[in-house]
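2 protein chains.
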Amino acid sequence: MGKGRLIVISGFSGAGKGTVVKKLIEKYDYSLSISATTRAPREGEVDGREYYFKTVEEFKSLIDYNGLIEWAQYVENYYGTPRKFVEQEIAEGRNVILEIEVQGAMNIKAQYPDAILIFIATKDIETLEARLKARGTESDEVIRKRITRAAEEADSMDSYEYIVINDVLEECVDAVHSIVVSEECKKENKTRFLIDIKKELEDYIGGR
Amino acid sequence: MGKGRLIVISGFSGAGKGTVVKKLIEKYDYSLSISATTRAPREGEVDGREYYFKTVEEFKSLIDYNGLIEWAQYVENYYGTPRKFVEQEIAEGRNVILEIEVQGAMNIKAQYPDAILIFIATKDIETLEARLKARGTESDEVIRKRITRAAEEADSMDSYEYIVINDVLEECVDAVHSIVVSEECKKENKTRFLIDIKKELEDYIGGR
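So the sequence lines, in the order shown, correspond to chains V and H. Per the numbering used here, the first sequence starts with residue 285, numbered consecutively. Per the numbering used here, the second sequence starts with residue 285, numbered consecutively.
Among these hints, one or two may not hold up.
Because identical chains cannot be distinguished in the list, a pair is counted as satisfied if it fits within a single copy or across any two copies.
[Said to hold, decoys possible] Distance condition first, Cα-Cα at most 16 angstroms in a straight line; then the derived EDC-like pairs of lysine to aspartate or glutamate:
(1) Lys-368 / Asp-451
(2) Lys-368 / Asp-348
(3) Lys-429 / Glu-413
(4) Lys-338 / Glu-486
Think of the hints as simulated: they come from the structure by calculation, not from any bench.
Please put together the full structure from these sequences, using the hints given.
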């Protein structure tokens, strides 16, 4: 068994990436990295499930001790990816999903060049707006802000290797899994196999 | 709907690529290109199902009229891929499977740079030998020849983009399909989408 891969999922706020990740974990065999944050837990959020909730002091200590593979500050809160879980899982051959922002994704790719970067989008902006409105919990102002943010995120889409459109949820989930399966079939990731099989063929032909 | 893709399947003789292709067609939505050949039909083979059986004169005429996208001669027989079906299918947005030899695969890639080249292998040579023996129809001499041929084919594996190991048939079939799905998600194949969504975002931000 080789090392596991990091699968970095980013996407428009409102594209449904949280649901995609949830289904992916349910349906296929992935480990999920839980981020650390200094923001306060929201109603119903559980420490270690949605996030590891940390004080600013705890978070800074994590940074100091190299305990995060990437971190960033949004508004006044810190967010980061704990190193230990990720490194342990990939060492044991498991594929790990990280749902993170564009900036974090770029940091991950710089450190783990074989990380797979996937961007989840809606098929158009009308759909994104409709989904945000359908939540019924957000004001027009907030919706506008989220779409303005999507515009910034769209500028970064070119840095992703794969773009998956979340139109039909199940298809989107399967497409993400397909990307991981196909990455494992890439010739570049079959170096060991190629060496071995050529050797076996040589032995077969030479040896009998 | 964009253009369809060509999916070129090659592999070791005995790796089971014929069965993989058959299952792929049954399970997913692909068109299958039927090759033309001058070799005589074998027991049970039907014209237009396994091959289009042609006389040498007919085959040469196909070549002369640019009716084949690739052709090659093996031993004393000609084999080729009829152009009309392939071009019609991809123009109508369907993905077409071509089960062809290494040399033909290279010819296809030169003409259709977005063709997806997939090589089907067994996990090792012992397995390949065991499968050939299990057929029970082939002499040790023939088996030896086929494995010697596999050694030549292995030299060409580096020219393929994907290598799929046919260990569990169903998994192999799904892996090939995953490759096609993931290719459609590649950023390079989302150029139109990227242009459109950025334009929509600009309009949204600028327009309201």
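The hints, checked one at a time:
no., hint, result
1, Lys-368 / Asp-451, "neither (35 angstroms within a copy, 34 angstroms between copies)"
2, Lys-368 / Asp-348, "within (14 angstroms within a copy, 65 angstroms between copies)"
3, Lys-429 / Glu-413, "within (11 angstroms within a copy, 63 angstroms between copies)"
4, Lys-338 / Glu-486, "neither (58 angstroms within a copy, 37 angstroms between copies)"
Taken one by one, the earlier hints fail for this structure at numbers 1 and 4, listed in ascending order.
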